[in-house]
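Novice: Spelled out from the first residue to the last, the chains are:
Number of protein chains: 2
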Amino acid sequence: MKNLYFVPLDEINNIRTENLDPIKKAKILSDIFRINTLYMITKAGSGHIGTSFSSMDIATWLWLNESNFIYFSSKGHDVPALYSILLGLEKLDFEMIHKFRRLGGLPGHPDIRTPNIVTNTGSLGMGISKARGIALANRLNGERKQIYVMTGDGELQEGQFWESLQPVANEKLSEITVIIDHNKMQATGFVNKTSDLGYLEKKLDSFGWEVARCNGHSFRELKNILFYFKKVKDKPKILIADTIKGKGVSFMESTMVGDSEHYKFHAGAPCFEDYMTAINELLDKTFAVLKRGVRLKNTSWPKRIAPSGKEENLVNAFGNELLKIGKENKDIVVLDADLKPDGGIEPFEEKFPERFIQCGIAEQDMVSVAGGLALKGKLPVVHSFACFLSTRPNEQIYNNATESKKIIYIGTLAGLIPGGPGHSHQSVRDISALGAMPGLTMIEPCNKKEARMAIRWAVEENKKSTYIRLCNVPMELLYSLPNNYKLKEGHGVKICHTGSNMRDLAIIGYGPILLKEAIKAARILKNRNNAITIINLPWLNYVSIKWLKKLLEFNLIVTLDNHYIKQGQGEMIASAFARNFAKHPKIISLGVKEIPACGQNNEVLKYHRLDAQSIAHTIEKEL
Amino acid sequence: MKNLYFVPLDEINNIRTENLDPIKKAKILSDIFRINTLYMITKAGSGHIGTSFSSMDIATWLWLNESNFIYFSSKGHDVPALYSILLGLEKLDFEMIHKFRRLGGLPGHPDIRTPNIVTNTGSLGMGISKARGIALANRLNGERKQIYVMTGDGELQEGQFWESLQPVANEKLSEITVIIDHNKMQATGFVNKTSDLGYLEKKLDSFGWEVARCNGHSFRELKNILFYFKKVKDKPKILIADTIKGKGVSFMESTMVGDSEHYKFHAGAPCFEDYMTAINELLDKTFAVLKRGVRLKNTSWPKRIAPSGKEENLVNAFGNELLKIGKENKDIVVLDADLKPDGGIEPFEEKFPERFIQCGIAEQDMVSVAGGLALKGKLPVVHSFACFLSTRPNEQIYNNATESKKIIYIGTLAGLIPGGPGHSHQSVRDISALGAMPGLTMIEPCNKKEARMAIRWAVEENKKSTYIRLCNVPMELLYSLPNNYKLKEGHGVKICHTGSNMRDLAIIGYGPILLKEAIKAARILKNRNNAITIINLPWLNYVSIKWLKKLLEFNLIVTLDNHYIKQGQGEMIASAFARNFAKHPKIISLGVKEIPACGQNNEVLKYHRLDAQSIAHTIEKEL
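In order, the protein sequences belong to chains S and B.
Per the numbering used here, residue 1 is the first one in the first sequence, and the count goes up by one each step.
Per the numbering used here, residue 1 is the first one in the second sequence, and the count goes up by one each step.
Excised from the complex, chain S in its bound form (with noise of 0.2 Å):
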């Protein structure tokens, strides 16, 4: 019988109360944070250990010797830690250990919805001037807590760090102690290799901060800094504390990776074998200094859908094809800002380092730099998350498209699902924020075969710019595309179709998931006898007024946005209705109105209704 343990809060409780050293007390108490926080993580299936485990002990001292301060995170996807230690002061309920990235639960990242939680994260680099904003107002108010912000290393590499800096300087908001958590590991690997930070004592002094440094899993260390720290009043203070990603179990511990980027543990859940092994080695550790074992609880080892074999895989496709392309066309220039596995590109690095620039969570820097690349004959192929690519650097794609040279654009993690991270990641503003960029083409692929085409057809057949969409959840797909089909601007392809006439209905929509739900939905509808088509509209923010015309003959169209309603795909097929035709179908619009919940992915499409059995009814309802 596989189990998942927990420390109960009575036991935590127990410890907490007795009699023993705060350095001692706090030992004990992180590492049973941490088997809190293994529990978390491998019931959710995901989430990120290594980041958490490297913080955890700055965070658990913090919590358990501080009083009437503000603590938060910048870097965010810390945050199983701070649950933990949360859930085991009594801060949060109790039984919230549960509900990790579950719907209603504990969101994947930082949500002010969450009790003692200050602020919600974005893409990093936000948290110092967060901070800035809150000491002005306590100030206003007369207040001058302590305020305490947790930042990754990689983060640094994000502009709006250095930016936020000197000003708190110049105000001397002493208040304000920034702790970064110094694990040397990002997403892809080192962060020297990745995008050095340089000196970087040398660099934050000279920002006019207090720095100080220490051996971040020391609690003496710690604690002799931070009373040192509260004695400087004049200057905002930062601690850079070297720590280890992982730290705490031996083998999750990024030391032990020695050169090898293949760091295991940045996100994701363990395996049984390894999650077994990690708990005794806390359960040891906690053994050896309390002299007694912690009582545990357990609950069974979650189920975990294994794969069919079956699931297509957009991104891997996608890249495969530009690494294909990348040994025919010696123009092209793949950019990455720390997301490469996410983004399918790692082959195309192999096979051509000199063409590959690993920019670092950098994403202005990195778009700039691919509009000099431009300027130069280059073809860059620019990747991240769609949610940070389509807004921190909005400003600089709008620069690269009036210089009117040719980028691609990849926005992957697009739309609701995965789930659990949280509405940090969801990407479902991606169309809006760059639909009315001139000259870029925005499109998302609905298979491994469109995702081939997608990148094939951005690299020899547009000749403006291209943004590519792409949903990162591997699933077994229902539909197909015709053999001959091909990629024509603005034109959709038919993937399904019930029911023996053409007029009833036609679902519009674009990318795997919701077109999956949409056959779903018509599979619930079949009874019926109403005929649905379902439509796979690739093209984004442009739609061909000859295709469209096809569509007059339904009586009604329904329009599916992975994506806010406002302006998605939809808008833009409603607009083109209106504007050009006298009569049209009726034509009804789903997709995202509220700010994306974070839940297991089903949930999520379920609470947006975006799920297949709610897109029926609400069909049912039209037709």
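Read the hints as simulated data drawn from the structure, not as lab findings.
There may be inaccurate statements among the hints.
Since copy identity is lost for identical chains, a pair holds within one copy or between any two.
Within a straight-line C-alpha distance of at most 27 Å, the following computed DSSO-like cross-link-like pairs (lysine-lysine) qualify [as the list claims (entries may be wrong)]:
1. K291 to K184
2. K202 to K223
3. K606 to K145
4. K449 to K463
5. K406 to K264
6. K202 to K235
7. K202 to K233
8. K494 to K193
9. K172 to K351
10. K549 to K583
11. K583 to K550
12. K297 to K351
13. K526 to K516
Model, not experiment: these values are computed from the prediction.
Take the given structure of chain S and dock chain B to it, following the hints.
Specialist: Okay, now just chain B, sitting in the frame of chain S:
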């Protein structure tokens, strides 16, 4: 007879070919280029004298003495200096001297469609990233050209500047030399008062660059440092050039303004008296070195339309109302990104300095600081130009939006007009970039009255966040709002009706520029006896369906967007018709289709077919 003077090409050539010491030659030519810069800016009626003159000696030295190099300015608004140099060195058609900020002429900010302009500028801070892209492309092509990038000093407040520094040092791109035109003044005042840069040399050095500092007006020092820089082969180089804004004309020099923040020559053209004094001073200087007079040519002083006194200044009306509201509501905190005189917010700053935060050229930091303030119950009012505010901190605005705290964003200089600064400043993409932001209502007032109402509505009635889009061109309007007019979300108001029935045509728009053109268009069409109703719909991303229903009586609806047609207000209206009414009027949408042209206001409107005549013509074809 009032004249404008320039030094003609043959006279420049005479001096260039004289047998003079290079330093002496640079001295003379830089002042001649100043004369020609002044000619261009005064003729155009706008342009940036201060920054052109502070950077002139550096740029002149480079262009006279370097060969086979790449040069561009990252700040961009010093481009008149560069044009005058390129014109004088026959790298631009000299006739273009008469076409600064004119359609088909020399744009207000750099654009690569102009010969010898390397890259377009947008908002600040992109230059080093662009240079890196160019350098990397060159290296891939086996080239190692010297690349010189000019930056401002206020520009160093932008995070992208710091984001871009480290990778260039890591890659040892020693062909890149950055020159900081350190004139100590930015748009709204002294750099050290706006957002002090701190220990500049120490900072730059800590990022791994070779740093030097010199008098940016000493050709000898410039020569020596550039010579030294060429010997440094393992690092990129950066020169802090201490300069004087407005250098060359005594009363334009920033050192003359003492502690006063009112430096007159940042932007805009001089009056006749100032112009003549300046020209004479520059001529005296060249005489002293050249030992003879410089031959001039002249054109007549440009005609300027004197203000009638009836112009409506929306920005000031907004600002005055904000001041009033600020007295009543102590939670309001105003933030600015170095553009306060254009935002009407100086009265607020003067009255409530403790509730005014000057963030400098740091939009990302500003918006996240606002987020922090909002988290603590303040009501931030955040100002920048619409083009920068909607894009640079696009992700930060979304991050704030996910926290659902109320924030008011003020985007000024919205739309196509003024047409002089060029596409980097013509904000015609902000409705798209922000339109899908959850909980954000976007509104553009059409006159002073509505501008006052807009800020009051945002503070007192709207529970959520608001983006107020403001036109900065004071103009006499041809309409007024009804006495009993009240803002009602999603509802429009008739501001003009011609003809005897109601049915023929409704023109829907927003903001003073196109509503005024619409009224003029209606007057042109008057003879046709068609009924024309002109409607002001200030709501940019939400329309009430109940209100829209009233428009079903029209035969034709024309939407007018001072924005790209894509994802503009017209698209919202068209899609709302399509989704809600089985039958609706014919809809045509006018707006911007291409990258905005630079030119005089009337030229630009005409180019985009958004002037009254073009609008009337388009409508005529439809009627």
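Novice: Now tell me, hint by hint, if it's right for this structure.
Specialist: The hints, checked one at a time:
no. : hint         : verdict
1   : K291 to K184 : neither (33 Å within a copy, 64 Å between copies)
2   : K202 to K223 : within (23 Å within a copy, 30 Å between copies)
3   : K606 to K145 : neither (41 Å within a copy, 57 Å between copies)
4   : K449 to K463 : within (22 Å within a copy, 47 Å between copies)
5   : K406 to K264 : neither (36 Å within a copy, 41 Å between copies)
6   : K202 to K235 : both (16 Å within a copy, 18 Å between copies)
7   : K202 to K233 : both (21 Å within a copy, 23 Å between copies)
8   : K494 to K193 : neither (47 Å within a copy, 62 Å between copies)
9   : K172 to K351 : between (50 Å within a copy, 24 Å between copies)
10  : K549 to K583 : both (11 Å within a copy, 17 Å between copies)
11  : K583 to K550 : both (13 Å within a copy, 19 Å between copies)
12  : K297 to K351 : neither (49 Å within a copy, 61 Å between copies)
13  : K526 to K516 : within (15 Å within a copy, 55 Å between copies)
Comparing the model with each numbered hint stated earlier shows that hints 1, 3, 5, 8, 12 do not hold.
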